[in-house]
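Given the sequences, and given the hints that come with them, work out the whole structure.
Residue numbers (this note's numbering), protein chains in the order written: chain A, 20 to 266; chain B, 70 to 399; chain C, 16 to 303.
Honestly, the hints are just simulated from the structure, not real lab data.
Every residue gets a Cβ at the ideal spot worked out from N, C-alpha and C, and that includes glycine.
Each statement offered as a hint is correct.
These stretches of chain C come out as covered by chain B in the derived footprint (C-beta under 8 Å, 3 or more residues): (1) 92 to 104; (2) 109 to 117; (3) 126 to 133; (4) 285 to 294.
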Amino acid sequence: MLVVRNLVKDFGKMRAVNRVSFQIKEGEVVSLVGPNGAGKTTLVNLISGHIMPDEGEIIFMERNITRFPPHKRIKMGIARNFQITQLFPELTVLDNVRNCVFSIRGLIGQFFKPSDNYEEVTSRAREILRRFHLDHLEGELPANLSEGDKKVLDIAMAYALESRLLLLDEPTSGVATSDKFKIMETIVKAIDRSKMAAMIVEHDMDIVFDYTDRVLVLREGTIMADGVPRQVMEEPEVRATLFGIGA
Amino acid sequence: MAGLATKRKKTGALVLLIIGFVLLPQVIPSYQLVLLESGLCFAILGLGFNLLLRYTGLLSFGHGAYFAAGAYAVGMIGRYAPELYRMEVLIPAAIVFSAILAAIFGFVCVRHTRIFFSILTLALSMLVFATLVKLYYVTGGSDGIRVGIPPVLGHAFKGMRRPQFLEGFYYYFLLGWVIVSVAFMYLLVRSPFGKAIQAVRDNEIRAEMIGIRVKRFRWWAFLVSGAYAGLAGGLWSFVNGHVTPELAHWVFSGEVVYMTLLGGFKSFAGPIVGAIVFTFLKLYAVSGTEYWMLIIGITLIGIVLLLPGGLVGGLVILLERAKARAPWRS
Amino acid sequence: MVLYILNGLYFGAFLFLTSLGLTIILGVMGILNLAHGSLFALGAFMAAWTIGLLATGPPSTALILAIICSMALTAAVGFLLERSLIKPIIRRPLEYQLLITFGALLLMEDVIKLVWGGEARYASAPFDSMGRANLLGLEYPWYFVFVMALTALAGAAVWVVMARTRAGIMLRAIAMDRDMAEAMGIPIKRLSSLAFMLGASMAGLAGALMVPTSPALLGIGMEPLIMAFIVVVIGGMGSLKGAVVGSLLVGQARSFGVGFLPELEMPILFLIAVLILIGRPQGMFGKG
Numbered sequence: 020m021l022v023v024r025n026l027v028k029d030f031g032k033m034r035a036v037n038r039v040s041f042q043i044k045e046g047e048v049v050s051l052v053g054p055n056g057a058g059k060t061t062l063v064n065l066i067s068g069h070i071m072p073d074e075g076e077i078i079f080m081e082r083n084i085t086r087f088p089p090h091k092r093i094k095m096g097i098a099r100n101f102q103i104t105q106l107f108p109e110l111t112v113l114d115n116v117r118n119c120v121f122s123i124r125g126l127i128g129q130f131f132k133p134s135d136n137y138e139e140v141t142s143r144a145r146e147i148l149r150r151f152h153l154d155h156l157e158g159e160l161p162a163n164l165s166e167g168d169k170k171v172l173d174i175a176m177a178y179a180l181e182s183r184l185l186l187l188d189e190p191t192s193g194v195a196t197s198d199k200f201k202i203m204e205t206i207v208k209a210i211d212r213s214k215m216a217a218m219i220v221e222h223d224m225d226i227v228f229d230y231t232d233r234v235l236v237l238r239e240g241t242i243m244a245d246g247v248p249r250q251v252m253e254e255p256e257v258r259a260t261l262f263g264i265g266a
Numbered sequence: 070m071a072g073l074a075t076k077r078k079k080t081g082a083l084v085l086l087i088i089g090f091v092l093l094p095q096v097i098p099s100y101q102l103v104l105l106e107s108g109l110c111f112a113i114l115g116l117g118f119n120l121l122l123r124y125t126g127l128l129s130f131g132h133g134a135y136f137a138a139g140a141y142a143v144g145m146i147g148r149y150a151p152e153l154y155r156m157e158v159l160i161p162a163a164i165v166f167s168a169i170l171a172a173i174f175g176f177v178c179v180r181h182t183r184i185f186f187s188i189l190t191l192a193l194s195m196l197v198f199a200t201l202v203k204l205y206y207v208t209g210g211s212d213g214i215r216v217g218i219p220p221v222l223g224h225a226f227k228g229m230r231r232p233q234f235l236e237g238f239y240y241y242f243l244l245g246w247v248i249v250s251v252a253f254m255y256l257l258v259r260s261p262f263g264k265a266i267q268a269v270r271d272n273e274i275r276a277e278m279i280g281i282r283v284k285r286f287r288w289w290a291f292l293v294s295g296a297y298a299g300l301a302g303g304l305w306s307f308v309n310g311h312v313t314p315e316l317a318h319w320v321f322s323g324e325v326v327y328m329t330l331l332g333g334f335k336s337f338a339g340p341i342v343g344a345i346v347f348t349f350l351k352l353y354a355v356s357g358t359e360y361w362m363l364i365i366g367i368t369l370i371g372i373v374l375l376l377p378g379g380l381v382g383g384l385v386i387l388l389e390r391a392k393a394r395a396p397w398r399s
Numbered sequence: 016m017v018l019y020i021l022n023g024l025y026f027g028a029f030l031f032l033t034s035l036g037l038t039i040i041l042g043v044m045g046i047l048n049l050a051h052g053s054l055f056a057l058g059a060f061m062a063a064w065t066i067g068l069l070a071t072g073p074p075s076t077a078l079i080l081a082i083i084c085s086m087a088l089t090a091a092v093g094f095l096l097e098r099s100l101i102k103p104i105i106r107r108p109l110e111y112q113l114l115i116t117f118g119a120l121l122l123m124e125d126v127i128k129l130v131w132g133g134e135a136r137y138a139s140a141p142f143d144s145m146g147r148a149n150l151l152g153l154e155y156p157w158y159f160v161f162v163m164a165l166t167a168l169a170g171a172a173v174w175v176v177m178a179r180t181r182a183g184i185m186l187r188a189i190a191m192d193r194d195m196a197e198a199m200g201i202p203i204k205r206l207s208s209l210a211f212m213l214g215a216s217m218a219g220l221a222g223a224l225m226v227p228t229s230p231a232l233l234g235i236g237m238e239p240l241i242m243a244f245i246v247v248v249i250g251g252m253g254s255l256k257g258a259v260v261g262s263l264l265v266g267q268a269r270s271f272g273v274g275f276l277p278e279l280e281m282p283i284l285f286l287i288a289v290l291i292l293i294g295r296p297q298g299m300f301g302k303g
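Structural data, given as structure tokens:
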């Protein structure tokens, strides 16, 4: 689904992303790991379109999206979250998700019927909330949610947009350890393996092992390993990068 | 089920309210009825204004421009195209004329937010004001234009004086428009469009990310808001009998903001309540004392400092306190 | 022709003083002070009263005293306004800020009426006493020259305060980034009051200077407010340079406009303000 070839990004003299190439297929959940400053967030920004690369290509669903602006990539099915959750604070949890469903169905501009009367859309929104274990909170405002639930809501909204590729930048950061696994469980279960894929930036190795199919290890802008977590973690260089100096 | 019961109660209360309004002319003296009619026009204005403020998150400090557009549409037709001077032409003209103005002004305004938006709306309405004053040979200048009683659907109110007209037919006509405006706005803010503009208000970036075209939705809200103001202006022109450039001055727009906050801008009914209360408050202040600006100024400061939720907000707080004290009544 | 330019400079002087006040408050506190015109009016009435009181003495002394009293009064009122009305709502949304200064405007207009009554107050003695000069072949009132000179002095004084004194530098820091300034330990509360007092006294000075040429009337503050607003928009919010350039430009535009196109003068000024807000909202010298 996603093919990244020889991606390069410089910030002045500093090369943040150095000839990065990899692929993500449908149904894969790939984690992106590496020490701080390795270029993980930059890479995510390049794929989501918030930064343009200096060299290289990004192919998504067989289209060259290298120069596409973010909103065009969103329409094509790339969705991302941000480290600070971006929700609609004065709308209910249900409305937060429902707006996404309205939008993707092209109904968001309609003004002559109350949104509650749109049965199909509302039940779809409820179904999504159920998938993400948020259905009991549907009438709440985001402020009343726990940090973990807010993160999940954020991702539920991306899911509601029927995105094909989810880019998740540290989805469990700021969440209590006990909730981390619940959240990852929810997210990974919700991903419809037949149509979607996800790339998750993570620091927690337990999560990488338990929930992701493949791991990309990034150091100083270069991919130094790409494979199944068990195999990759056995390489001494990888272990040094992640757990030794610079980790 | 609880949901259905409250819905029935609410509908019942609403029906009673409407019946109350319909029967009002029998009960209150005519000068108060005329004042109420003024208040009802401002209620429509406030409803439109609050679509922008509360639901889209944009503070327009120049909404008088669209009110003036509607009012002057009526006045100008009366002056320059008297053969078209019929209610069935005048009200649509007021709406269309103000909507066009709002469309043009809105196009430039929605590209900015917060203080720049407010300042821009203020400057635009002062531009309208200055034009209305200076082009006196077209617009009547600071003297304004007289507005007479138009025929409605062929029926000319021959020989009827204005107070009679306002007590009779016009009250119910206006009430009808109020009901239509309220109903339409109610539907609008609950529709997907309404939810979309609230999303834009809450988080512009995220809204764009989920596929809502922020500028376009803001523009539509601006347009509807302006059309409401124009309708209100057109309807008001008959109540006042006279339209002047002051309607486009920023002070009048400031009063619009005031009445909305007085009623409470966080609630749907707030602007309606605020408009009616303000109209009466202003008249009693003006007729009661030479220093009415002092009264209005102090009440304004009081509202901002002590009762930010406005009258409706305050009422809600009172009701909740009462509920908390009497938990057996739910 | 020369007369138009001179008159433009004269208008510009008043514009400068009022817009300077408005822009300082806007820049340092982020508040559009809708009561600014009322401060101008307050200055005018105070000056007219003082000059009237000292009518028996020499007019120039009366003028100096009037200026001092007006500035002191408006500074004090500015302090009061800032402490009682602005401070509580500084973190609240924009609508509350605009409304509370609007409320202050209404309040002050009627307080002026209460204290000084509704009639026009004349105080032309200082103007008359200065006589006319012969400037470039034209007869030009010395008073106008005095106003321009005093304004230039006031502007220079404010510039020195902002650029060279510690208080001024702190004010500019607050204008740039309020939260950062607070984090750096700058006494925001005291300086906010100072900014407001400074801005208010400028408006008071302008009002005082106007009175010898034009009587103090109820509602006299409305036009200076709008004009100052236009200047601030054109010159840039929070910018001293902008206030200078903006008031020079608008002063000239007003002078020539009134002379050649009196009908369109006002609408054109607003149109320019609108175009600037559309194309370059930060004005000529303001920050974005």
